[in-house]
Amino acid sequence: EPEVTQTPSHQVTQMGQEVILRCVPISNHLYFYWYRQILGQKVEFLVSFYNNEISEKSEIFDDQFSVERPDGSNFTLKIRSTKLEDSAMYFCASSAQQGANTEAFFGQGTRLTVV
Amino acid sequence: QQQVKQSPQSLIVQKGGISIINCAYENTAFDYFPWYQQFPGKGPALLIAIRPDVSEKKEGRFTISFNKSAKQFSLHIMDSQPGDSATYFCAALGGGGNKLTFGTGTQLKVEL
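Chain order of the listed sequences is A and B.
Just add 8 to the spot in the first sequence (first one is 1) and you have our numbering.
Just add 297 to the spot in the second sequence (first one is 1) and you have our numbering.
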């Protein structure tokens, strides 16, 4: 069964450092997303990406965040200067289409710990 | 308002019992309501979903009941099994854009 793959599974970084979280979406999917889940809280939308550009972003996705699809298979989330409050589980997701009745498939997540 | 409110926060059910999780939304533009199941260390996985033009959808032991006028929907797990122990999230999509708005999650534990 096709799946979304994320690396690394756990990343520990110093405050102020840059991190890049990587995702390989399902191969024939066209829509890509990043969500995050702070420990014990709900899953929150960060950004959606289609046709090599951001289609929607939340207020959480400020100038410290960026996304890229550098080579047609990987989808990355970069945090330029990490803060303690960026510590969370980050989930990548992809879907074949957009809108209702479209299943978004989630990866297993990257746990980011900022110290 | 984009919020989706979910209750209870945690639930303990005996094996064979019925687990019920409730959600409420405010944005009437939402037009797709999926439920996600999440096991520890894994990402959320789609369990079952409903459109607002139907009042109930059943797939195996899982049923969504939808009340459009009350803006509420619920997940019923019949004959709950220990393997159902997980965190369940309701979600909503629509209202402009392609993002899922998640509820706060319910940690379900099914005891023998």
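Please keep in mind that the hints were generated in silico from the structure rather than gathered at the bench.
Remember, it's a predicted structure, so these values are computed and weren't measured experimentally.
C-beta atoms are modelled at their ideal positions from N, C-alpha and C, and glycine is treated no differently.
Any given hint could be a false lead.
Straight-line distance between alpha carbons at most 27 Å, and here's what the computed DSSO-like set of lysine-lysine pairs gives [unchecked claim]: (1) Lys-368(B) - Lys-312(B); (2) Lys-406(B) - Lys-50(A); (3) Lys-354(B) - Lys-86(A); (4) Lys-302(B) - Lys-86(A); (5) Lys-65(A) - Lys-339(B); (6) Lys-91(A) - Lys-312(B); (7) Lys-50(A) - Lys-365(B); (8) Lys-354(B) - Lys-368(B); (9) Lys-302(B) - Lys-365(B); (10) Lys-339(B) - Lys-406(B); (11) Lys-354(B) - Lys-50(A); (12) Lys-302(B) - Lys-50(A); (13) Lys-302(B) - Lys-65(A); (14) Lys-65(A) - Lys-368(B); (15) Lys-355(B) - Lys-365(B).
Where chain B lies over chain A, by a calculated footprint (3+ residues, C-beta under 8 Å) [as the list claims (entries may be wrong)]: (16) 18–32; (17) 46–52; (18) 87–94.
Far from chain B, some chain A residues (derived; all Cβ distances over 10 Å) [claimed, not checked]: (19) Pro-10; (20) Ser-56; (21) Asn-60; (22) Arg-77; (23) Asp-79; (24) Gly-80; (25) Asn-82; (26) Ser-103; (27) Ala-104; (28) Gln-106; (29) Asn-109; (30) Thr-110; (31) Glu-111; (32) Val-123.
Now the hints, each set against the structure:
1. Lys-368(B) - Lys-312(B): violated, 30 Å
2. Lys-406(B) - Lys-50(A): holds, 18 Å
3. Lys-354(B) - Lys-86(A): violated, 39 Å
4. Lys-302(B) - Lys-86(A): violated, 30 Å
5. Lys-65(A) - Lys-339(B): holds, 24 Å
6. Lys-91(A) - Lys-312(B): The given pair, whose Cα atoms are some 43 Å apart, is violated under the 27 Å limit.
7. Lys-50(A) - Lys-365(B): holds, 23 Å
8. Lys-354(B) - Lys-368(B): holds, 16 Å
9. Lys-302(B) - Lys-365(B): holds, 15 Å
10. Lys-339(B) - Lys-406(B): holds, 17 Å
11. Lys-354(B) - Lys-50(A): holds, 25 Å
12. Lys-302(B) - Lys-50(A): holds, 10 Å
13. Lys-302(B) - Lys-65(A): This hinted pair holds, its Cα atoms lying about 21 Å apart.
14. Lys-65(A) - Lys-368(B): Between Lys-65(A) and Lys-368(B) the Cα gap is close to 26 Å, so the pair holds against 27 Å.
15. Lys-355(B) - Lys-365(B): The hint holds at about 17 Å.
16. 18–32: Violated - the segment 18–32 of chain A has 0 residues with a Cβ nearer than 8 Å to chain B, which falls short of three.
17. 46–52: Answer holds; 4 residues pass the 8 Å Cβ test.
18. 87–94: violated (count 0)
19. Pro-10: holds, 13 Å
20. Ser-56: Its Cβ does come within 10 Å of chain B, the nearest being 5 Å, so this is violated.
21. Asn-60: holds, 16 Å
22. Arg-77: holds, 16 Å
23. Asp-79: Non-interface label on Asp-79(A) holds, nearest chain B Cβ at 23 Å vs cutoff 10 Å.
24. Gly-80: holds, 21 Å
25. Asn-82: holds, 17 Å
26. Ser-103: Incorrect as stated: the minimum Cβ-Cβ distance to chain B is 8 Å, not above 10 Å.
27. Ala-104: holds, 12 Å
28. Gln-106: violated, 4 Å
29. Asn-109: Not fine: 6 Å to the nearest Cβ puts Asn-109(A) too close to chain B.
30. Thr-110: Given a closest Cβ separation of 8 Å, the condition is violated.
31. Glu-111: Violated, because the least Cβ-Cβ distance between Glu-111(A) and chain B comes to about 5 Å, which does not exceed 10 Å.
32. Val-123: For Val-123(A), whose nearest Cβ neighbour in chain B is about 21 Å away, the distance exceeds 10 Å, so it holds.
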